[in-house]
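Undergrad: So the chains spell out like this:
There are 2 protein chains.
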Amino acid sequence: MDLNEIGALAKEAETVLRNLGTAKKNEALFAVAQQLIKDSDSLLTANEKDIARGKENGMHQGLLDRLLLTRERIEQMAEGIRQVADLEDPIGEVLSMKQRPNGLMIGKKRVPLGVIGIIYESRPNVTADAFALCFKTGNAVILKGGSDAICSNIAIVKSIQAALEEKQLPKTAIQLIEDTSRETATAFMKLNEYVDVLIPRGGAGLIRAVVANATVPVIETGTGNCHIFVDESADFDMALDIIFNAKTQRIGVCNACVSLVVHEHIIDTFMPLLKERLAEKQVEIRGDEAARHAVSGINAAKEEDWGTEYLDYIISVKTVSGIDEAIAHINRYNTGHSEAIITKDYANAQKFLDEVDAAAVYVNASTRFTDGFEFGFGAEIGISTQKLHARGPMGLEALTSTKYIIYGNGQIR
Amino acid sequence: MDLNEIGALAKEAETVLRNLGTAKKNEALFAVAQQLIKDSDSLLTANEKDIARGKENGMHQGLLDRLLLTRERIEQMAEGIRQVADLEDPIGEVLSMKQRPNGLMIGKKRVPLGVIGIIYESRPNVTADAFALCFKTGNAVILKGGSDAICSNIAIVKSIQAALEEKQLPKTAIQLIEDTSRETATAFMKLNEYVDVLIPRGGAGLIRAVVANATVPVIETGTGNCHIFVDESADFDMALDIIFNAKTQRIGVCNACVSLVVHEHIIDTFMPLLKERLAEKQVEIRGDEAARHAVSGINAAKEEDWGTEYLDYIISVKTVSGIDEAIAHINRYNTGHSEAIITKDYANAQKFLDEVDAAAVYVNASTRFTDGFEFGFGAEIGISTQKLHARGPMGLEALTSTKYIIYGNGQIR
Chain A
0 MDLNEIGALA KEAETVLRNL GTAKKNEALF AVAQQLIKDS DSLLTANEKD IARGKENGMH
60 QGLLDRLLLT RERIEQMAEG IRQVADLEDP IGEVLSMKQR PNGLMIGKKR VPLGVIGIIY
120 ESRPNVTADA FALCFKTGNA VILKGGSDAI CSNIAIVKSI QAALEEKQLP KTAIQLIEDT
180 SRETATAFMK LNEYVDVLIP RGGAGLIRAV VANATVPVIE TGTGNCHIFV DESADFDMAL
240 DIIFNAKTQR IGVCNACVSL VVHEHIIDTF MPLLKERLAE KQVEIRGDEA ARHAVSGINA
300 AKEEDWGTEY LDYIISVKTV SGIDEAIAHI NRYNTGHSEA IITKDYANAQ KFLDEVDAAA
360 VYVNASTRFT DGFEFGFGAE IGISTQKLHA RGPMGLEALT STKYIIYGNG QIR
Chain B
0 MDLNEIGALA KEAETVLRNL GTAKKNEALF AVAQQLIKDS DSLLTANEKD IARGKENGMH
60 QGLLDRLLLT RERIEQMAEG IRQVADLEDP IGEVLSMKQR PNGLMIGKKR VPLGVIGIIY
120 ESRPNVTADA FALCFKTGNA VILKGGSDAI CSNIAIVKSI QAALEEKQLP KTAIQLIEDT
180 SRETATAFMK LNEYVDVLIP RGGAGLIRAV VANATVPVIE TGTGNCHIFV DESADFDMAL
240 DIIFNAKTQR IGVCNACVSL VVHEHIIDTF MPLLKERLAE KQVEIRGDEA ARHAVSGINA
300 AKEEDWGTEY LDYIISVKTV SGIDEAIAHI NRYNTGHSEA IITKDYANAQ KFLDEVDAAA
360 VYVNASTRFT DGFEFGFGAE IGISTQKLHA RGPMGLEALT STKYIIYGNG QIR
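Line by line, the protein sequences give chains A and B. Reminder that position 379 of the first sequence reads as 378 in numbering that gives the first Met the number 0, one-by-one numbering, no gaps. Reminder that position 60 of the second sequence reads as 59 in numbering that gives the first Met the number 0, one-by-one numbering, no gaps.
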């Protein structure tokens with residue numbers, strides 16, 4: 000099907016979804032969850048094709064694992080959809096209503112964004128997940144998944160559409176662009192007539208390509224060059240626990256710690272302890288001169304290390320003269336994601352919170368908490384690293400807009 | 000100066016502005032207002048050059064008038080800046096703070112966007128106005144005005160910078176790109192490293208060019224193909240007053256009414272009254288068949304009329320069978336700006352508010368109220384016709400972002 004056709008069908012679906020009550024939406028989400036489980040056999044068969052192709056193409060074990068569907072994972076997918084059904088529906092809330100001196104009552108009401116485009120890579124669970132979040136907020140969604148997962152994605156979308164049709168709802172509430180070519184992806188990014196917002200979910204390369212090519216408004220997500228600053232007054236045990244957690248609990252995630260910034264007054268005492276602790280997980284340390292002076296057997300950090308998101312068991316260490324240099328270094332190299340200070344000093348804690356420019360700024364906690372579930376949103380469509388519309392973990396509200404509703408009785412200017 | 004240099008200087012200024020207290024910001028704004036008046040002579044001399052060039056180039060009277068500075072207009076400019084100083088400062092407000100079960104305190108704090116780029120056409124007052132709004136919200140601003148007003152803009156920026164320097168504030172809080180070429184404009188739209196958001200202020204052509212070329216996030220403003228639906232039960236006097244106001248009070252503005260949608264049951268009785276009323280201002284009416292049948296001597300509307308923002312004394316009339324067709328027509332042709340229904344019917348009023356997809360939806364009032372001042376924001380940087388970040392009239396809040404601040408005591412995942 001042609002992209003314009005897909006766009007027009009999404010717009011049509013949008014007019015129905017916009018005014019669907021919460022009860023109806025939830026009923027449909029539960030039906031979709033049930034349908035996915037019912038269709039497990041065909042989902043698994045489709046997924047086997049993707050896995051076989053991946054193996055043929057020499058896909059890495061890690062990627063194969065992300066691509067793999069199992070009965071348990073399908074159950075998790077369905078459970079994820081049920082959890083979205085259980086969340087509060089943000090649509091329809093009137094955020095404020097005021098009467099103006101001329102008698103006009105002006106209210107601001109939460110409404111769906113309209114048609115959301117999502118461009119993502121090889122995890123098929125994103126297909127079900129993104130649908131649930133968009134549907135709950137009254138949006139139609141157009142998905143463009145990677146070629147690696149195309150058979151799985153087609154099967155999942157078909158299953159969801161069957162459940163929607165059963166409930167007499169427009170099946171075009173979810174559509175998949177089956178053509179996985181780069182040209183079609185680029186054309187999709189310019190589909191301004193039909194698409195209200197594009198959300199890329201994937202690696203830095205994908206996100207860069209979307210930002211560079213899209214004329215549709217984009218919410219940039221993802222890349223995290225996250226720092227932890229160990230201040231002079233830090234509790235070393237706390238610092239080591241937090242660094243160990245933020246670096247090693249999961250390495251491939253955007254809220255993992257990539258770089259340490261350490262106060263020069265403690266570098267000599269702290270580095271040996273750090274080296275010992277990170278050795279438990281064979282983390283490679285790349286330090287500046289002062290860090291290497293403080294402990295032997297670590298590698299030298301180059302300028303490019305300060306700007307690199309490793310997504311690996313590697314951490315860099317920068318020594319600074321104090322809080323001001325720490326903040327300047329972080330504001331220069333961070334990607335606007337998550338930054339933390341470990342300190343006992345009240346003024347430095349407040350200064351760090353005020354002056355570090357990032358979506359989430361922490362005192363004495365792991366950067367790994369930057370996550371929609373950890374923040375209590377009950378869901379997450381991604382983590383925005385831009386400042387427009389949404390910043391940080393995006394829950395259901397990030398998928399909404401507002402409109403002004405105005406009650407008059409003949410007012411003119 | 001090179002664009003990258005300008006960008007880097009803006010980022011530097013941003014780090015100072017971000018943490019400037021409200022009192023300091025207001026003091027600077029009052030100083031800027033005073034300086035502009037003090038520099039009136041040089042502003043007028045610079046403006047004379049623009050006016051002379053405009054006349055040489057055969058510029059229309061209307062545009063020459065927009066370009067013209069007078070002592071009175073400089074006083075208005077200064078007064079506008081003082082009014083912005085008097086507005087409440089949105090920066091620093093903590094919108095919510097909650098404790099999570101693990102003890103983390105997670106707050107959402109309002110912060111500046113950072114560096115704002117504004118691309119605008121020939122009105123020099125935008126220069127001062129945009130600066131005041133961006134500065135009050137702690138943002139650095141980079142301006143790219145039109146070549147028509149370049150001498151005036153240079154003089155205004157120089158005057159503002161002098162006042163900032165006097166107050167020991169970074170003068171690069173405001174910078175003007177003096178090269179008015181199209182190539183530089185396009186490069187500016189791709190300055191992602193330094194610019195957080197671009198706001199185009201001007202005609203449809205300018206806005207289209209920015210949307211098509213920018214890789215920096217854009218807030219789309221402006222074009223308004225606004226409708227008024229005259230329902231079967233409408234009070235004719237109210238309908239005529241509102242239409243007359245919305246069409247003729249100012250014709251060149253985006254919230255003016257462009258198109259009427261009329262219920263078929265009243266088309267025959269309403270059209271003669273409408274024709275008579277609009278004749279007072281020589282408004283040309285372009286009607287569909289039913290409208291032309293109802294009254295003689297009006298022109299025929301073509302398909303393209305439904306999508307045209309006239310910005311002139313012209314109005315189109317479409318006849319519909321009822322509220323559903325009215326809403327479908329409006330949702331097809333509107334530009335997401337302002338739409339109104341004139342009705343006595345409660346259910347139709349609510350349905351119109353619910354189902355029309357636009358930034359501002361009115362019952363029984365003129366579309367001309369879509370304006371930051373009329374909405375009580377005390378200021379306006381433009382009217383957003385997109386759904387991301389801000390929709391409708393944008394006051395100071397639209398120039399802000401948020402960041403999460405998190406207080407922990409050693410939490411790890």
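One or more of the hints may lead you astray.
Because identical chains cannot be distinguished in the list, a pair is counted as satisfied if it fits within a single copy or across any two copies.
To be verified - Straight line, CA to CA, 27 Å or less: simulated DSSO-like cross-link-like pairs of lysine-lysine:
| # | residue 1 | residue 2 |
| --- | --- | --- |
| 1 | Lys157 | Lys108 |
| 2 | Lys189 | Lys280 |
| 3 | Lys37 | Lys280 |
| 4 | Lys97 | Lys54 |
| 5 | Lys23 | Lys97 |
| 6 | Lys48 | Lys343 |
| 7 | Lys48 | Lys23 |
| 8 | Lys107 | Lys37 |
| 9 | Lys107 | Lys97 |
| 10 | Lys274 | Lys97 |
| 11 | Lys108 | Lys97 |
| 12 | Lys97 | Lys166 |
| 13 | Lys108 | Lys48 |
No lab work stands behind these hints: they were computed from the structure.
Undergrad: Next step is simple, just say for each hint if it's right about the structure.
TA: Now for the hints, and whether the structure bears them out:
1. For the identical chains of this complex, Lys157 and Lys108 are neighbours neither inside a copy (33 Å) nor across copies (42 Å), given an alpha-carbon limit of 27 Å.
2. For a Cα distance limit of 27 Å, the shortest separation of Lys189 from Lys280 qualifies neither inside one copy, at 45 Å, nor across copies, at 42 Å.
3. Taking the closest pair of Cα atoms, Lys37 and Lys280 never come within 27 Å of each other, the shortest separation being 42 Å inside a single copy and 67 Å across copies.
4. In this homomeric assembly, Lys97 and Lys54 never come within 27 Å of each other (Cα to Cα): the closest approach is 61 Å inside a single copy and 47 Å across copies.
5. Taking the shortest alpha-carbon separations for Lys23 and Lys97, neither the intra-copy value of 31 Å nor the inter-copy value of 31 Å comes in at or below 27 Å.
6. For the homomeric pair Lys48 and Lys343, neither the shortest alpha-carbon distance inside one copy (55 Å) nor that between copies (61 Å) is at most 27 Å.
7. In this assembly of identical chains, the alpha carbons of Lys48 and Lys23 never lie at most 27 Å apart, being 35 Å within a copy and 65 Å across copies at closest.
8. Taking the shortest Cα distances, Lys107 and Lys37 never come within 27 Å of each other, neither inside one copy (42 Å) nor across copies (42 Å).
9. In this assembly of identical chains, Lys107 and Lys97 lie within 27 Å of each other by CA distance both inside one copy and across copies; the values are 9 Å within and 24 Å between.
10. In this assembly of identical chains, the alpha carbons of Lys274 and Lys97 never lie at most 27 Å apart, being 59 Å within a copy and 36 Å across copies at closest.
11. In this homomeric assembly, Lys108 and Lys97 come within 27 Å of each other (Cα to Cα) both inside a single copy, at 12 Å, and across copies, at 24 Å.
12. For a Cα distance limit of 27 Å, the shortest separation of Lys97 from Lys166 qualifies neither inside one copy, at 39 Å, nor across copies, at 38 Å.
13. In this assembly of identical chains, the alpha carbons of Lys108 and Lys48 never lie at most 27 Å apart, being 46 Å within a copy and 48 Å across copies at closest.
Hints 1, 2, 3, 4, 5, 6, 7, 8, 10, 12, 13 from the list above are not met by this structure, while the remaining hints are.
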